[in-house]
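Start from chain A and add chain B according to the hints.
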Amino acid sequence: METNGQANVTQRSISEDWRLKVGLAEMLKGGVIMDVVTPEHARIAEKAGAVAVMALERVPADIRLHGGVARMSDPEMIKGIQNAVTIPVMAKCRIGHFVEAEILQALEVDYIDESEVLTPADPERHVWKHGFKVPFVCGARNLGEALRRCGEGAAMIRTKGEAGTGDVIEAVRHMRAITSEIKRVHSSREDDLMAIAKELNAPFELIQEVHRTGKLPVPNFSAGGIATPADAALMMKLGAEAVFVGSGIFKSGDPARRASAIVEATAHYNDAVLLARVSRDLGEPMVGINVSSLDESEQLAVRGW
Amino acid sequence: MTPRVGVLALQGDFQKHLDMLGAMGVEAGAVRSVDQLTECDRLIIPGGESTTLEILLKSSGLDEAILSRAKKGMPIWGTCMGMILLAREIEGRKQFSFGLLDAVVRRNAFGRQVFSFEADIDFKGFDSPFHAVFIRAPIVVSYGSEVEELAEYDGKTVAVRQAKILGTAFHPELTADTRVHELFLKM
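Protein sequences appear in the order of chains A and B. In terms of the working numbering, the first sequence opens at residue 1 and continues consecutively. In terms of the working numbering, the second sequence opens at residue 306 and continues consecutively.
Take every hint as true, because none was put in to throw you off.
Once the Cα atoms are required to be at most 27 Å apart in a straight line, the calculated DSS-like pairs of lysine-lysine come out as: (1) B:491 with B:376; (2) B:363 with A:237; (3) A:237 with A:183; (4) A:47 with B:363; (5) B:399 with B:376; (6) B:469 with B:377; (7) B:461 with A:133; (8) B:469 with B:491; (9) B:461 with B:399; (10) B:399 with B:469; (11) A:79 with A:47; (12) B:461 with B:429; (13) B:491 with B:461; (14) B:399 with A:47; (15) A:79 with B:399.
Hints in this document: simulated from the structure, not taken from any laboratory.
So that you can see chain B by itself, here it is in the shape it has in the complex:
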């Protein structure tokens, strides 16, 4: 089977990821059901609203299906909301998350939309800065010893990796820079 990247398409900016993967020549498809997930060997969880996704993941059965695939080693990358959903804990809230990333995240850590911003940040392993787009973005406030920090902004952790799980607080899919997508495809 040709490697195929799934993009969770229940809600959010999934089309931006699909567009970028398409332009990279990567086989990719939208995932809205458990059946569609079985056709994929890795998964991107895009930006969106985590409270909405909690409901749509549970009603579609994708919550358990994704967890079970992850435990069998499927690589998953979450951008913004996706990173929130991967975390072990969402600070101050009793909200669903997969708990695949041994980290505590803070939602809307920089404030509301008027405080959304862009910045050039250093990303571990990249030979030049990455232009990062932060939209009502979360941060990682603490993480366990298995987790590696890949990028920080203003002293705050904004990209992490734990084995086959990748999380970025920002949106590479809203730029033309494919380096984080390439990194994920090699995981």
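Chain A on its own, in the form it takes in the complex:
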């Protein structure tokens, strides 16, 4: 017997590592991946139940505040976080900056996020991710973008949302766009697929795969603007298989408490009674920025090609 996912993995495999890369994403499902900037943060995140941490020099809210060029973190800082916890440690490279990616691989990070939160390094290309042993996660706003990243070798997709705002509207927009486009491809006639591939700027073979399976070729997580347990549960209900929380935790009044509550909410997203209980008395959330008040030039999600 073969389930769809397994059959596809075999067919799609251009490297022997494919199943291992997607496999680690499978292990993270139902969990919360938290942005951390110090080993102390990392320990708080692990203790609160994070399935992985994203090692950063500044959370996205501070990247927004300080401006300038945002780059890969100092390896010393990444090593410090790796030594502080036993859960997987992820780190970000700039879009298209394959040397930063090579450095992160040499540091043995468990996942690389080729991220729009950092300043892009290539105006047209992303990293050729099939060439790496370490798996990559990439952001996407729609199905075409998600499948282009999968074509390059991303083993996990996350909706981009709008990082560092604490405003969930863009995460919702992107998740709804991806799921409705998947439904359309899945229910289309076979003779529509090439036209759809052209319209979405997506690799034809991956459009065929989505048509066959009715889902993305890789796990689909959510990121960008999640600040409360209810936000996390909302994204899970809309089809996310796990969530990334960036500034939402360590920019809030009581990070440990909020982190634990978001972990419970993500695992039990269908249980409103539990959500009501864990949402109580969490202290101040991050202040946040309405995405509608941002100029397009201030939006991070538009980065990526």
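Showing chain B alone in chain A's frame:
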């Protein structure tokens, strides 16, 4: 009651187990609460992060419920994280585990993700090798006399059984080979 296999679904690759059981025609369901556990007569604990599960098991009350069912003879199989949680001791760490398997396990025994790998291994009772997927996998470093080793890789114990408790360091649910699932269903 039709035999029903529960898959602990608090976090991890539980859907892969459910997909495989479904394809095998086995009645199976996700377990996120004590109520859902009572509907099952055996349990799979999937891969995931053991530090996360420790918290979610305790907050849901499933830690005690699973232990009490196990003591009444419910078969349990743990893959990767699941095997860690079944063990008596996690090497070098003060971390929750059920202690149902008289063994000491080492987490991330092969290293970080870049050292994850696949290998064909001999599995006791199978007439051909099993293709095993190891992802940041643990190993069993020592075990008591009640525990039987079912598979090893490179001299390291990667599958064990003690009466109705089964542990594998690797992920049969990520392959198309149903033999370990069949073995568990017969336990």
